[in-house]
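Going line by line, the protein sequences match chains Z and W.
Once you know that position 66 of the first sequence is 66 in the numbering used here, the rest is easy, because the numbers rise by one and skip nothing.
Once you know that position 16 of the second sequence is 1016 in the numbering used here, the rest is easy, because the numbers rise by one and skip nothing.
The hints are simulated quantities; they were obtained by calculation from the structure and are not laboratory data.
Being a predicted model, the structure only gives us computed values, none of them experimental.
Do not take every clue at face value.
Okay, the calculated bits of chain W under chain Z, using three or more residues with CB under 8 Å as the criterion [said to hold, decoys possible]:
| no. | region |
| --- | --- |
| 1 | 1092 to 1102 |
| 2 | 1180 to 1194 |
| 3 | 1212 to 1218 |
| 4 | 1244 to 1256 |
Pair ranges (Cβ atoms, derived) [stated by the list, open to error]:
| no. | chain 1 | residue 1 | chain 2 | residue 2 | range |
| --- | --- | --- | --- | --- | --- |
| 5 | W | 1169 | Z | 12 | 44 to 52 Å |
| 6 | Z | 12 | W | 1214 | 21 to 29 Å |
| 7 | W | 1041 | Z | 14 | 36 to 44 Å |
For every residue, glycine included, the Cβ atom is placed at its ideal position computed from N, Cα and C.
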Amino acid sequence: MSSRELDGYRSGQPAQLADVLERVLDKGIVIAGDIQINLLDIELLTVKIRLLIASADKAREMGIDWWEGDAFLSKGNGRGELEQRLRKLEEAAGLPTSPKQEAD
Amino acid sequence: MITPAATLSRNGLGWYLYGIAAADDASAPLGARLAAGAEQEVELVAEGPLVGVASRVSLAEFDEQTLPERLSDATWLEQKIRTHEHVLERVLEDASVVPCRFCTVYRDEVELRRFLSERRETLQAALDRVRGKVEVGVKAFIDRDRFAAGQARQNDEIRQLETRVSTAEGGRAYLERRRLEQLVASALGDFRGEVAERIQTRLLPAAEDGHALPLQAPELSGREEEMVFNGAYLVTADRGGFEAALASLAREIRDDGVDLELTGPWPAYNFVPEELGAA
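Can you build the whole structure from these sequences, using the hints too?
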């Protein structure tokens, strides 16, 4: 639970990759001039990356599905890869499966 | 295309620039903090009143020709992006900073210093704007069940339909339920259009500035609920007034099924000039 729950909004979560991406890839000063990378190319590439991650199905096709298996990103709300693997193991072993946590 | 040999630094190392801070902010403690940061060695390149927060990197790694391939390597990309952000967050704990975009790389220290010196005025103006301030993110998500319940409280037609749905049977119940779903969906459509303006109206007066950002799909936001607002605000570093306004809005909007989430503090990515042309 967040330390700010009493104020009625959530905060203090680990930074979501999506929030980092939309800042680091799209914002911040762009310096045209004598640098190694041609920024026009970078602009095109970031557009390409954005298009890829905008559609999860498409992203999975391309192998860009890292947010799904990241325990931090999936916040342990029952959809994380580790939890799925744990449930599979429990089922295979004939154990009662872990209760699904309520999404927060 | 092969990069002309004359432009390559002798040891194949260039400078990755994370951001720019003021030299008088970037005191010894900041240097120590950056040094303790572990994952990447970060140096402060001082030039007049400004310092560039930078790391030596392999030019081959950031070469224009090979970069497209690296950018489609999710592991490489995430690691570099997280490093960029972590370095700037450590700076932000001690100093105001103008963040650079991902992959701002100089071939050598001379070019980096020339940039800091030739663009001094523009960079100082950008620093002045963010001095003593940070960026925070505000995201709003809607819970459909709570939204429907809120509508039932406010809208007589919906409330009466709900009552009829609970008592009707068979085909009639089906039709009434369909009608109820349509009414709630239509109310949600209207609400989507209004909610961003409502949030902006309440939060902008408590901030220096603010921008709406593109909404994130659930696959990206990590939450099942639909995102109905995504915004960035430039606020004073203590955030007191802004958090009070946010708490008051959150309590008010909660009955409509909306949950607010605060992120940050971030370096002021959304409040620095988009582009600095060549000097």
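These are the hints, each one checked on the structure:
1. 1092 to 1102: Coverage by chain Z holds for the region 1092 to 1102 of chain W (5 residues, Cβ < 8 Å).
2. 1180 to 1194: violated (count 0)
3. 1212 to 1218: holds (count 4)
4. 1244 to 1256: holds (count 5)
5. W/1169 / Z/12: 44 to 52 Å: Distance hint for residue 1169 of chain W, residue 12 of chain Z holds at roughly 49 Å.
6. Z/12 / W/1214: 21 to 29 Å: At 24 Å between Cβs, range holds.
7. W/1041 / Z/14: 36 to 44 Å: With a Cβ separation near 24 Å, residue 1041 of chain W and residue 14 of chain Z fall outside 36 to 44 Å, so the hint is violated.
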